[in-house]
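Fit chain B to the given chain A structure using the hints.
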Amino acid sequence: MADELTAATVMRTRRLPAFEAPFLRAPEGARRVFLVTLGAACAPLLAGVVLFGWRAAVVACICVAACVIIEHVTYRVAHTPALGGRSHAYLTGVLLALTLPAFTPWYVAVIASAFAVIIGKAVFGGVGHFLWQPALVGRFAVAVMFPALLAPGDWPVLAQNRLLVGDVTDARTPMDYRGWQDRSAPEGADAFRLPHPRRALAKLTNRPTDAPPAYSGLAMPRLEMPGAAPAALHAPSPDRLPPMRDLVFGTRPGGIGETCIIVLLVAGGYLVYRDYVRWQLPVAFLASAWCVAAVAPVQLAGPSQTVETVWFPLLVEGLDVGFTYVNYQLLSGATVLAATFLITEMSSRPATVGGQVIFGAAAGALAMGLQLYVTAVPIPAYAAVLAMNTFAPWIERMWRPRVLGRRRLAWLGSLVHPFGERRPKR
Amino acid sequence: MLARRYATFTGGIDLPDLKDATLDAPVRPGPVPARLRVPLAPCGGPPAEPVVAAGQRVVAGQRLGAASDDAAVDVYAPATGTVSRLTRVATAGRYGPAHSDAVELVELEHLPELPAEPPTAGWRELAAAQVRERIADGALTTFRRGAEPLSGWIERARAAGCRVLIANVMEHEPYVTADHALLRARGRQVAGGLMLLGRAIGAETVYLAADRRRTDDYHPAEDAARELGIEPVALEHKYPTGADVMLVKILTRCETPPGGSPTDVGAAVVDAATCFATYAQVACGVRPSGRVVTVAGERTSRVGNFFVPFGVGCVDLVGAPGPPVLHGGAMTALRCDEATVTSPASDAVLAPAVETPPHPGPCIRCGWCVAHCPARLNVAALNDAFELADVDRAARLGVRACIACGVCSYICPARLPLTQRMNQLNRAVGRVADG
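Residue numbers (my numbering), protein chains in the order written: chain A, 1 to 426; chain B, 427 to 861.
By construction, these hints were calculated from the structure, which means they are not laboratory data.
C-beta: ideal position from N, C-alpha, C; glycine also.
Careful, some of the hints might be misleading.
As the list claims (entries may be wrong) - If you want the footprint, here are the derived chain A segments under chain B, 3+ residues with CB under 8 Å:
1. 10-17
2. 21-33
3. 275-289
4. 398-405
Excised from the complex, chain A in its bound form (with noise of 0.2 Å):
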């Protein structure tokens, strides 16, 4: 073994198989990390395309193919060996398809899954290598390109008779929904062409300033019915929220994957027995979403045509009702899938526990943020990871976890004077 530590021994020596100690290997290799996670992935997909019918399907189908071509022929281009196989491709594709909606049309799907392989990953140099995470680099893209197409407007959601079959474009709006259960689909048409939650959401919290607060918002039922829900629950037909049932059985307008939460909480889990996630970030991630949704002020329009900014929107109109409120804008956008698959993915998170639980409360932070505040950004949790993701080395390099037999805080010495370890006395 060259003993001495310079780049060029190292540049040389370090793709050598080393045949020392120790001589037993754990059996997971990263191909089966990859695949496994990818069939975690396949769960909440499923749901995707029983929910959102076969053009789900096409979808992803779509998105794994461009992103397995597009890696493959990058590669070779480049002339650099394809890290990891092709699972992390395969991987790639499908939490893309997760994100994007089913009547995404495939240029926009092979458009996404370019910028995921080719921005994403290839020109960081692959797998393990890459600052943001590569599919939602894909789904970024096309959310600025495709403004008018994927802006969370009015979605389709299969009705309950044309489930897995049904063509999710073949979409009418309803006059008078009131949930999705027990509705056959609208004549002539296999889907229900939906508000999407987030927008009455926005409209509940939001006031444009120019317009008079056009219905009151949390504090309608204090005056008129009691009742543990926001005044949106009751509110005339388009900017009616769903019930809660819809949001955790995922038959909601959304993304492929970003709806089933029931399933998404499931495959999270999974995930989390396999040791493939810490429990700490998505936790994290969600309770920070969940703090700042209780906590931020919004705008509420008053009982007299007053708009007022409340803090404490839990608090403020009693816990119930603000306990719906809040659990509504964690359910309604795509913070569950951001939570379980995106902002877990390995290689653009902190490997410390410690910096992942900041990296995590400061990305939930700033999802529940965007969504609240930001109303032009139509992704606010795939934008707040993919913006920590940016600081996620800084946050690794600053989170310093106490090494064996170091004095707490150490390290700061250790940067003034690298070698002022205490010597071993002999």
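Frame of chain A, contents of chain B only:
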């Protein structure tokens, strides 16, 4: 066996145990070797001066080499035989194979067996100075990787003011059961030797730390330990609980400073084989001539715990076809070649089914090495420092705290040889720090 609950440490991992084949095996005499190549420097360092000539007939216990300075010990013949020549052998040093001169003995007779002599009367009442004197007479060494003269070890522990002595019978590595077998077969004697060592270094607290799962086998040792004022403790078997630094942390809550040894925090650690050799020498007057060695692995049929004299070729001992033959537990083992012989440091000689080493991929930053590192090192960042050959950064990240347990390499899904890289960084930082 356990009355108190002990803290643990962050990180670590549950390894496959792989000890079933030898766990219940009694200590048997080893296969009869054709020759012994007795290393003249079992402790590394300068070899002893040979005092025999080729062709000379020596009897068991006759001196073969005279120590040239304090860092060496006298070497005695483990068996009766004829000196055929001086040769070179490799033993297990702390960081790798240590090469030294050796005396080759052939036409062997009277191969040693596990000592069972009765103790001399009054061995329990020996004063500390007498114990140290007898240890120095007996050319005892420590019986672990990086062996050193036991007298030197005692002096170092006394100079550091060690108040705690820990007998490390955790045997946390897969396959290895040598100390376990010794404690089963000679538990009272091991406890006696531990008491003598504690007296020699002036320790106030003496622990006998064993694996909680195995305590049913250790009742004789446990009873004797309690009689002799030793505290037996049973610990969970998470790897690397049996690393000295971790054991000291668990039992004393003191963390060894990076690059230091447990004596820096006033704790000394020995193993069962050293205790037994001390007992045999001090109480019974029997010089060490061999040790219990675990022979195991999927590629050998000669599985068991054997009492093997010093100087048996490891490859001959294991009798397995083809390399690799491993010296020591599989997590920290050295690879043996024809020159490698058993020495006081040989707790196991293994022939496991080892696949060819995989080509390392790029780090996927899974963070498992960080999560499982018992020294709480950011191994992923240190790997970056290695790939950049940035010794300064490695020093800042505290690489000297690495205990070389092998967990990071074991767990790495990219198959990076992280332990080897940490060792390289550690040595590079050490060279700069020590000038």
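Okay, the hints, checked on the actual structure:
1. With 5 residues having a beta carbon nearer than 8 Å to a beta carbon of chain B, the region 10-17 of chain A meets the requirement of three or more and the stated coverage holds.
2. Closer than 8 Å: that is the beta-carbon criterion, and the region 21-33 of chain A has 11 residues meeting it against chain B, so the requirement of 3 holds.
3. Residue count for the region 275-289 of chain A with a Cβ under 8 Å from a Cβ of chain B: 3. That meets the three needed, and the coverage hint holds.
4. Evaluation of the coverage hint for the region 398-405 of chain A: fulfilled, as 6 residues show C-beta separations to chain B shorter than 8 Å, against a requirement of three.
When the structure is compared with the earlier hints, no violation turns up for any of them.
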